[in-house]
Structures are given as C-alpha cells and as structure tokens.
Amino acid sequence: MSAFTALLIRDMRLAVRVGGGALMGALFFLIVVAMMPFAIGPDLAQLARIGPAILWLGALLASLLALDRLFATDHDDGSLDLLMMGPIPLEFSVATKAIAHWFTTCLPLVVIAPVLGLMLNVELHAMGWLALTLLAGTPALTFIGLVGAALSVALRRGGLLLAVLVLPLTVPVLIFGVAAANAAIVGPAPFGPPFTILCALSLASLVLGPIAAAAALRHGLE
Amino acid sequence: MPVTDLANPTRFLTLVNRVLPWLVAATCVLFAIGLIRAMSAPDDYQQGATVKIMYLHVPAAWLGMFGWGLMSIAALGTLVWRHPLADVAGKAAAPIGAAFTFICLVTGSLWGRPTWGTYWVWDARLTSMLVLLLLYLGVLALYWTAEEPGRGARAAAILSLVGAVNLPIIKFSVDWWNTLHQPASVFRMGGSTIAPALLTPLLIMALAFTLLFVTLHLAIMRNEILRRRVRSMRLVQAQELHA
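So the sequence lines, in the order shown, correspond to chains A and B.
1304 is the number that my numbering gives to position 43 of the first sequence; each next residue is one higher, with no gaps.
169 is the number that my numbering gives to position 163 of the second sequence; each next residue is one higher, with no gaps.
Everything labelled a hint here was simulated from the structure, so no lab data went into it.
Keep in mind that a hint or two might mislead.
As the list claims (entries may be wrong) - Partner residues are not named here, just some residues of chain B that face chain A (Cβ under 7 Å, in silico):
hint, residue
1, N14
2, F18
3, R160
4, I164
5, I175
What the hints assert, rightly or not - Okay, the calculated bits of chain B under chain A, using three or more residues with CB under 8 Å as the criterion:
hint, region
6, 139 to 153
7, 166 to 173
Computed from a predicted model, the values in this text were never measured in an experiment.
Positions of the beta carbon are idealized from the N, C-alpha and C atoms, including for glycine.
Let the sequences and hints guide you as you build the complete structure.
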C-alpha cells in the first residue's frame, strides 16, 4: 500500500469514526439552510431566486467547520511531527490530508445539496448542475482552508482566527460558484465561463494550497 | 552603505534616527503645498467642491495597495533570506496599510453620498478594497494572537504571500461580479483623462502620502525593534530572578 492511500485511509477512518465527523458537517449544512426561511420568509418564489446563494453560503460555512481539527489532533498526539520528519514530502502528505478532509466533509455536502435544494424550491432539472458547481468548487474551499488550518495550528489558535483568515480568500470561489449555479438555473448568462473559472480556482488552489500550508507548518513548528 | 549592513538593528536605528526628522519635515512641507494646491484647484463642473475628497481618497487607495506590496516583499525577506529586519518591516507595514485602506473606504463612502446618492454601494472597486481591509485585519489578527513575535511574523509572512497571489484573483472576480465604478483614469494608455489643473495637486498629494507612509513605517519599525529589545531584556531579567 502506497503512502498516499495509507494516509488517505487513516485520515478518513479517523474522521468517520471519531465523533461522527463526516455527518456533523452535513447536519450543520442542513440546519443553516433550514434556518434561512425563518429569516427571509417562506415565500417560495423568493427562496427559489436566492436558493443557489443560500446553498453555496451554507456549504462554505460547513466546509470551515471541521478545518481546525485537520492538523490539531495530529499535532497533539505527535503524528504531525512524524509526517514532517517522514520520507514523503510534507507538501504531498498535507495535500493527502486535505483530500481526505474533502472526501469526509465536502463530499457529503455535495450529496445532500440537491435534497436541500428541494426545500428551497430550486427547479428539479437544475439540481444536478447545482451539485456539479459544488463538486467543482468545494476543493478550492478545502485547499484554501488548508492554509488557514496550518497557520492556526502553528500558532496554537483555532476556531475564529481560522475563519477570519480563510473567509476573505474564498470570495472568488463564492462569486463564481454562485454565478455558475445561477447561470444553470435561471440563466440567461452562459454556464461555461464561470464554471470553468471555478474549476481553474480549484486546480490552482490544489497546487498552491499545500505548498503554502507545508511552509506554514515548517516555519511555525520549527 | 550596502543593504546588508542594515541587517544590524543598531546601524538601522542610527540611520533611522538621522533620517526621520528630515522625512517628517519633507512630509509636512509637501502636505502644506499639496493641500493649498488642492484647495485652490478648480471645482469639477458636475461634482462641485466634493471632488476635493479625491485628493485624500485616491492617494489613500494607492498606498493601501502599496502596503500589501511592501508586506509581500518583506515576507520574501523573512522566508527566503531570513533578513532580521524583514519581519519587523512586514509587521510595521500591516497597520499603516490597513489604516490607509480604511481612510480610502471612509472617504470613498463620504464621496459616494453626494455623487451616487448613497454611502455604500456594492460596486467592484469598493468591494475589493473592503476585501483588502478584511485581509489586512486577518494579518493583524495573526500578529495579535501569536505568543512569540518570530512565529507570528513567519505566519503573517505566509499569509501575506498567499494574499498577494489571491488579491489579483479577488480583484478580477469582483470586477466580473459587478462594475459600476469608473474605470482607471489617472494611469492609462493614451494619457490621463483628468485635467492637468486637478492632476498636479493629486500627484503632489500622492507624493505627500507616500512620504507619510515611509515616515510612519520607519518610526513603527524603530519602535518595534525597541519593543523587542525591551521584551528580551525582560526575559533575561526574569531568568536571572529565577536563577
């Protein structure tokens, strides 16, 4: 078994077995979306119009939720030091941890997003497209959040600091994610340009996020 | 004196102490000239006297962005060359850059009220400046929460570089999201679209603001070096008491 799959499976097992981590994010997503109509009002036409925005915002907040645990538990029990001293480049193991985090935290959000879309009166035919934008965009959220997680574990501060650091950086993802979702549902703007830019953001952060996160860990924990 | 000599904080401090009075004087003179020229500049034919806000707003916006550029260069100095003064320079630039960005937002909002009819619009330029301010506040939050200055400086350096990569993307995406603000009009192909009578005071004010930035930056760097010395002296004292 290669180091990649070993680390991936270890992290996913830990996330699933400890405290129902994977479902907690999805549950939070459900609750955030369910709270929205209480604030906005039950008007279905209005909910349909802002539905994609609500879903994207909910997914953004839910993806932040478990980020501070990404390195914190490994830092506490010392396995982060083993990863840093091990033969695999730190950038690679950090990226692997982020992929495991995406599978356990963001993929459930993508899966339940269509169900939540039903509650917000998003049209049925558009639900697949909406889930597709989340599928393409949430990796960017994870890999940008990875940098924040590494910085906050290096400073031994979690929670709010992480959200303060990460949220401004996710502005482009939110803009193009909602733009692509809106284009798919109401139009008339084409779906292609915002969606491809969203994919580009995910790919770019897949490369840059682990480099910055590994640098943060190296400089912070030395 | 080569730049590497400045790595010695004591030499840097003597240089700063020698240069700072001159810089303060030059800043005051330039501000006096710039403000007088700005006050006597003709009013805009549409906006009237409110156009004078421009002389504070535009230089503040430039320097708000300049501050992040300075922080990124200082971040390279911290992470790549381990220059001992680079993290001091980065830390000193953060509050000044944040302050100029804040001045830009406040003056822009005061300017928007008579010209656009509202204090705040979610227009592309205002929004990207707001995100810039949020990023500055994030860097400041990193400095506040760090227990040890060196560790906080390295974390902030990484965040500055990540922000430097992200800022053009944020700018582009916010532009794509909404455009209402006028496009760039001072530096552009084919010359400026601002009348020379308005442009000259603006450039003088920009120079005055830049000098103000440099003066404040050097003064804050000096204070930070002294603060770190006090800190290490206190640590030594505490160790001696303990022993």
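Any CB of chain A closer than 7 Å to the CB of N14(B)? 23 Å, violated
When the nearest CB of chain A is found for I164(B), is that gap smaller than 7 Å? 5 Å, holds
According to a criterion of three or more residues whose C-beta lies within less than 8 Å of a C-beta of chain A, is the region 166 to 173 of chain B covered? Since 5 is at least three, the answer is holds.
Hint validity - I175(B) Cβ closer than 7 Å to any chain A Cβ: Holds, because the Cβ-Cβ distance from I175(B) to chain A comes to roughly 5 Å (cut-off 7 Å).
Taking beta carbons only, do three or more residues of the region 139 to 153 of chain B come closer than 8 Å to chain A? The restraint on the region 139 to 153 of chain B holds, since 9 of its residues have a Cβ under 8 Å from chain A and three suffice.
Interface hint for F18(B), Cβ within 7 Å of any Cβ on chain A: Because about 23 Å separates F18(B) from the closest Cβ in chain A, which is outside the 7 Å limit, the hint is violated.
Against chain A, run the beta carbon of R160(B) and see if the smallest gap drops under 7 Å. 4 Å, holds
The structure fails hints 1 and 2 (numbered hints given earlier, in ascending order).
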